[in-house]
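In order, the protein sequence lines correspond to chains A and B.
What the first sequence shows, in our numbering, is residues 1 to 313, in sequence order.
What the second sequence shows, in our numbering, is residues 1 to 350, in sequence order.
Calculated from the structure, these hints are not laboratory results.
A couple of the hints might just be wrong.
[To be verified] In silico SDA-like pairs for lysine to any residue, Cα to Cα no more than 25 Å straight-line: (1) A:K299 - B:A236; (2) B:K170 - A:Y276; (3) A:K299 - A:A200; (4) B:K269 - B:A174; (5) A:K299 - A:W166; (6) B:K170 - A:I274; (7) A:K299 - A:H95; (8) A:K299 - A:R246; (9) B:K269 - B:E166; (10) A:K299 - B:D145; (11) A:K299 - B:G229; (12) B:K170 - A:L278; (13) A:K299 - B:L138; (14) A:K299 - B:R141; (15) B:K269 - B:S323; (16) B:K170 - A:Q277; (17) B:K170 - A:A200.
[Said to hold, decoys possible] Here are a few chain A residues that sit away from chain B, every Cβ distance over 12 Å (derived from the structure): (18) D139; (19) V142; (20) L278.
[To be verified] Some, not all, of what chain A presents toward chain B, calculated at C-beta under 7 Å: (21) L115; (22) T119; (23) L291.
Predicted model only: the values in this text are computed from it and were never measured.
Glycine included, every Cβ here is placed at the ideal spot set by N, Cα and C.
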Amino acid sequence: MSVILDILLSVGMWEAVLRIATPLIFGTLGALLCERVGVLNLGIEGVMAFGAMIGWLTVYSGGDLWAGMAAAALGGAVFGLLHGLLTVSLGLSQHVTGLGITLFASSFAYYIFRLAVPTASSPPTIEPFRPLPVPVLSDLPVLGPILFNQTAPTYLALILVAFLAWMLYRTPLGLAIRMTGENPRAVDAQGIDPIALRIATIAAGSALMGLAGAFLTLAAFNSFFPTMVQGRGWVCIALVVFALWRPGRALLGALLFAFFDAFQLRLQTAVDDIPYQLFLMMPYLLSILALIVMARRAKVPQALMQPYRRGER
Amino acid sequence: MRFERRDSVPPALTVLAPICAVLAALVIAGGLIALAGRNPVTAYGLILQGAFGSRLGLTETLTRATPLILTGLAAAVAFRARLWNIGGEGQFYMGALAVPAIGLLPFVAGAPAPIAILICLIAGALAGMVLLLGPVILKLRFGVDEVVTTLLLNFVVVLFVSMMIEGALKDPLAFGWPQSVPVPPAAELPQLVDRTRLHAGLLIALALPLGVWWLQSRTVFGLQSRAAGLNARAAAFAGVPLARTLMLVACLSGGLAGLAGAIEVMGVKGYVTTDLSPNYGYAGIVIAMLAHLHPLGVIAAALFSAVMFVGADSMSRALGVPSYIADVIVALSLLTMLVAIFLTQYRVRR
Chain A
1 MSVILDILLS VGMWEAVLRI ATPLIFGTLG ALLCERVGVL NLGIEGVMAF
51 GAMIGWLTVY SGGDLWAGMA AAALGGAVFG LLHGLLTVSL GLSQHVTGLG
101 ITLFASSFAY YIFRLAVPTA SSPPTIEPFR PLPVPVLSDL PVLGPILFNQ
151 TAPTYLALIL VAFLAWMLYR TPLGLAIRMT GENPRAVDAQ GIDPIALRIA
201 TIAAGSALMG LAGAFLTLAA FNSFFPTMVQ GRGWVCIALV VFALWRPGRA
251 LLGALLFAFF DAFQLRLQTA VDDIPYQLFL MMPYLLSILA LIVMARRAKV
301 PQALMQPYRR GER
Chain B
1 MRFERRDSVP PALTVLAPIC AVLAALVIAG GLIALAGRNP VTAYGLILQG
51 AFGSRLGLTE TLTRATPLIL TGLAAAVAFR ARLWNIGGEG QFYMGALAVP
101 AIGLLPFVAG APAPIAILIC LIAGALAGMV LLLGPVILKL RFGVDEVVTT
151 LLLNFVVVLF VSMMIEGALK DPLAFGWPQS VPVPPAAELP QLVDRTRLHA
201 GLLIALALPL GVWWLQSRTV FGLQSRAAGL NARAAAFAGV PLARTLMLVA
251 CLSGGLAGLA GAIEVMGVKG YVTTDLSPNY GYAGIVIAML AHLHPLGVIA
301 AALFSAVMFV GADSMSRALG VPSYIADVIV ALSLLTMLVA IFLTQYRVRR
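All chains, please: the whole structure from these sequences, using the hints.
See below:
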């Protein structure tokens with residue numbers, strides 16, 4: 001028991017929670033935005049891989065870290081446009097298109113990476129984002145190092161939660177986005193083009209997914225390797241359900257998930273008579289559990305996965 | 001510009017669409033090969049040569065196609081009934097792991113070859129089935145979306161396999177390498193061509209799509225599963241027992257993916273490691289879509305993928321183009337195929 005207590009009382013553990021949560025926050029917000037406007041985006045796993053790669057490659061070839069983030073967002077948006085074109089303009093199956101984009105984006109990312117960096121014995125590294133202590137606040141006891149000594153993208157993720165919560169519930173644009181996910185026909189009758197709105201929103205959401213990937217290579221690690229996304233994208237899709245499609249709860253879900261991840265990581269090194277694989281399974285099993293618990297309460301956007309065509313019923 | 005649904009699909013278009021889709025994917029990927037500073041035509045020539053040009057290349061392609069046909073078929077039967085089984089990879093590994101596990105039983109290891117083979121194949125299929133039934137029960141009972149549950153289980157299963165091959169199923173003779181105890185010799189699938197890896201599993205993989213095709217077109221279950229996929233609500237209204245149909249579809253789909261794993265471990269490798277599958281489960285999803293979910297089309301689509309993978313490997317060695325190009329081509333074909341199928345059903349009007 002004292003082992004568990006030691007872990008829970010260490011500052012490093014809680015600092016790690018916020019760090020591990022950051023890509024999940026970006027990704028979950030991105031997926032949430034897409035689903036709010038009525039489009040399931042299963043491309044997330046691949047878009048994250050692509051964001052991780054292009055962000056890293058931008059910095060590796062001389063760009064600065066924010067240029068890397070911008071490149072990842074842009075790359076994500078391009079795949080978002082592709083997803084939008086296929087699912088919204090053409091009305092193709094969102095499941096299949098999303099999976100296709102995941103497979104394409106990830107293999108494309110690995111291809112470009114290998115092209116730029118032919119096989120080397122050890123993967124080349126970059127200088128990643130360093131923790132950026134917030135003046136004054138970071139000197140607070142306990143809370144200071146946990147909350148206010150993170151990297152800049154983590155702060156950005158937290159600001160995004162607040163921004164999206166405000167945008168979705170307090171602005172006309174947010175209302176239009178939410179309405180398009182519920183009833184695109186009604187939005188159309190209001191004189192807003194639901195098709196254009198859907199495509200633009202998916203592009204924005206996918207840009208966030210790209211940022212989620214870029215965080216992995218530019219802040220959490222300092223190099224890129226295939227399979228580094230490790231199912232985080234799918235966890236984000238599960239977290240959207242857990243969040244009941246609300247940004248605030250998305251933050252909560254990401255933190256909860258990251259807590260278990262950080263906890264299992266430390267427990268793994270402290271306890272050695274249990275196979276380490278059992279600990280590694282925990283985050284995935286937990287996501288499934290979250291889906292089961294929340295499925296009953298889920299209030300899915302009504303028009304999710306329903307293509308909209310003008311004048312067709 | 002807008003799209004208008006065609007009243008009827010011209011048959012020529014149905015045949016031309018997949019060909020055009022694959023050609024379009026090859027042209028786009030050709031651009032990526034050119035990006036690597038290599039001539040795409042040379043590269044494609046080398047891919048074909050690598051996949052067909054020699055006895056070894058040809059048998060290697062067929063060996064590679066064997067698991068792909070089965071995982072593709074597994075995805076196709078599920079998708080037909082709108083059961084989004086994305087867990088083929090996990091089911092594949094469970095099926096593979098079941099073989100050395102059941103081989104530990106003395107009566108299996110000591111049985112004559114045909115019986116040992118049969119028992120191991122059944123064990124593999126059952127393992128895949130059980131793994132898919134969980135998410136399907138969650139879907140039916142709690143309304144949990146199966147896409148995410150089946151996918152997350154893939155990660156769990158690979159960790160489980162890793163735990164088993166370092167634990168209960170670890171081979172003590174493997175010099176500490178994490179690999180499972182070997183498949184019992186009686187359960188090894190016979191070779192089809194001497195001094196190659198091609199094994200009898202290919203025959204099973206070729207027979208099963210025919211069986212599934214018969215099942216889908218000639219039986220009540222097949223009709224019900226297609227009806228469930230076309231319109232679940234209407235099917236339920238017409239008296240199709242949806243829950244039971246979905247469970248049966250899950251058994252078939254998970255069973256096929258598990259069988260793919262069992263056959264791969266019995267025919268090619270002889271023991272289980274965590275790199276037994278180069279994403280056969282995920283590739284199966286693409287293959288099912290490329291085949292337009294048709295069981296016989298799966299064979300052609302699996303062969304196409306196998307040619308790309310085997311050919312790209314040797315092309316990559318010769319030209320230095322990253323072999324990931326094969327995954328790019330196959331994934332691109334899926335996307336272009338989606339558009340091609342759309343264009344057979346709709347016509348573009350200005």
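Practice problem: Verify the proposed pairing of K299 (chain A) with L138 (chain B), using a straight-line Cα cut of 25 Å. | Solution: At roughly 18 Å apart (the allowed maximum being 25 Å), L138 (chain B) and K299 (chain A) satisfy the hint.
Quiz prompt | 25 Å limit on alpha-carbon distance, applied to hinted pair K170 (chain B) and I274 (chain A) | solution = Holds, because 16 Å separates the two Cα atoms, which is no more than 25 Å.
Self-check item: Satisfaction of hint between R246 (chain A) and K299 (chain A), Cα-Cα up to 25 Å
Solution: holds, 11 Å
Quiz item: CA of K299 (chain A) to CA of G229 (chain B), is that 25 Å or under?
Solution: Between K299 (chain A) and G229 (chain B) the Cα gap is close to 24 Å, so the pair holds against 25 Å.
Quiz item: Are K170 (chain B) and Q277 (chain A) close enough, with their CA atoms no more than 25 Å apart?
Solution: holds, 15 Å
Self-check item: Hint validity - L115 (chain A) Cβ closer than 7 Å to any chain B Cβ
Solution: holds, 6 Å
Quiz item: Taking 25 Å as the top limit, are the C-alpha atoms of K299 (chain A) and W166 (chain A) close enough?
Solution: Holds, at roughly 20 Å.
Quiz item: Are K269 (chain B) and E166 (chain B) close enough, with their CA atoms no more than 25 Å apart?
Solution: Holds: K269 (chain B) and E166 (chain B) sit about 18 Å apart, inside 25 Å.
Exercise. Could you check if L291 (chain A) really has its C-beta closer than 7 Å to a C-beta on chain B?
Key: holds, 5 Å
Quiz prompt | Holds or violated: K170 (chain B) to L278 (chain A), with C-alpha atoms at most 25 Å apart | solution = holds, 17 Å
Quiz item: If you draw a straight line from the CA of K269 (chain B) to the CA of A174 (chain B), is it 25 Å or shorter?
Solution: Given that 25 Å is the threshold and the Cα spacing comes to 14 Å, the pair holds.
Quiz item: So is V142 (chain A) really clear of chain B, every C-beta pair being over 12 Å apart?
Solution: holds, 34 Å
Hint compliance for this structure: hints 17, 20, 22 are not met, and every other hint is.
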